[in-house]
Amino acid sequence: MNTITPTSGLDFLVRQGIEHMREKTASPDNGDGGNPTPLSPRSYRSKPRSGEYSCFQLDLSEEEEDSSPIARLLELPNELLYMIAANLGFGDMQRLRRTCRPLRSLLNPDFVRAHFGGDALFVRTLTSHCAACLERPGRGALVLQDAGPPSSKCFPCAVATRDLRVGTSLLLANARPAWVCRWCGWPVAGPAAWAHAQFHAACYDRYYRVLWGFLWMGFAQFAAGVVAAALSLVYFRDDLLVFPPAVASFALLWVCMAFLAFRGNRVRTYCWVGLLELVILALWIPPVYAVARGVAAGFVGRSAVAALVFYGVNIMFRLLNVIGNIVLMCEYDMTKHHAPQLSLKRRLLNLLMSGLIYWTYPQCVEQRYPPDYN
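Residue 127 in our numbering sits at position 127 of the sequence shown; the count goes up by one each step and never skips.
Everything labelled a hint here was simulated from the structure, so no lab data went into it.
These figures come from a predicted structure and were not determined experimentally.
The beta-carbon is built from N, C-alpha and C at its ideal position, and this holds for glycine as well.
Accuracy of the hints is not assured; some may be wrong.
FRET-style restraints, in silico, Cβ to Cβ [as the list claims (entries may be wrong)]:
| id | residue 1 | residue 2 | range |
| --- | --- | --- | --- |
| 1 | A223 | V267 | 20 to 30 Å |
| 2 | A202 | L252 | 37 to 47 Å |
| 3 | A202 | R346 | 17 to 27 Å |
Let's have the full structure, built from the sequences with the hints guiding it.
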């Protein structure tokens with residue numbers, strides 16, 4: 001609660017206004033049955049008052065008979081209210097106007113505009129404060145709003161309300177353009193990455209490390225497919241439930257690699273790659289069934305165990321790829337987990353979705369909009 005300290009000059013004006021109004025309305029009986037005599041200013045001021053006085057608090061020591069709370073600030077004359085408002089900044093004045101209707105009507109837009117320098121300077125004042133939280137982080141940390149009257153939003157509020165879109169350029173309040181980072185979804189107001197202007201330098205470093213991880217995991221998936229097909233060729237060539245599906249999955253694996261290498265940054269092929277991954281997943285089920293049935297029947301050998309392990313690894317890889325392509329087809333926004341004030345559940349869910357995308361195709365953060373699914 002905002003309070004006024006007894007040592008301030010503004011407190012003296014507020015007390016003087018309150019005492020002046022109370023002296024007008026006070027009518028105690030002087031004991032002789034005649035006309036009531038108002039209290040003198042000296043006798044009234046001699047009453048003790050607490051060290052910290054609030055215009056909103058109810059002084060029970062002076063008005064014990066009145067149990068209803070009174071907004072003490074609204075008892076002041078309009079002149080004193082204007083004097084109080086004149087010492088406030090734009091953000092504090094707007095917060096004061098949002099407390100109740102009388103103050104919003106008293107401190108009307110005409111008063112606010114005139115107090116902050118008229119139309120020319122008032123536009124600069126508006127764009128120097130966030131329209132949502134009324135903070136003033138600096139014009140370089142505010143995004144100009146295109147629609148409606150002149151206004152700005154700070155980066156956290158703009159990200160929280162999902163006003164920004166990756167791959168687009170926006171104008172800051174200091175009249176400088178800025179890209180929306182493709183990794184985190186926040187404006188690139190500081191130094192951009194050396195290799196891509198639409199990334200923060202730190203965000204591009206993280207993206208570069210994710211790309212290296214994706215490359216190594218791609219080699220691991222390809223190696224698992226090659227080893228599984230080789231084991232089927234050497235040890236299970238005569239088994240129709242093992243050898244033909246293994247050869248077909250190996251051939252489709254090369255088709256998936258071709259999609260990853262040649263689809264570009266605008267064409268979206270998630271539906272086709274997801275379908276191929278689903279077919280490969282289904283092709284590995286008969287070999288697993290045949291080899292597992294042989295192991296259960298007592299034909300246990302190192303070749304069977306090794307083949308069963310690599311078949312299972314391929315199934316796990318393909319299942320993750322299918323789920324990741326489904327997430328990509330839904331155009332999931334990976335920047336959601338960078339939004340402020342998220343619950344722990346939402347944050348963990350967003351991290352899981354982003355992890356699936358990074359596993360499947362992290363280069364999607366560089367793709368252009370609008371997408372092309374043809």
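Tested hints:
In this structure, A223 and V267 meet the distance hint of 20 to 30 Å, their C-beta atoms being roughly 28 Å apart. Distance hint check for A202 and L252: the Cβ-Cβ separation is about 38 Å, which falls inside the suggested range of 37 to 47 Å. In this structure the hint that A202 and R346 lie 17 to 27 Å apart at CB holds, the actual value being about 23 Å.
Going down the numbered hints, you'll see the structure goes against none, and every one checks out.
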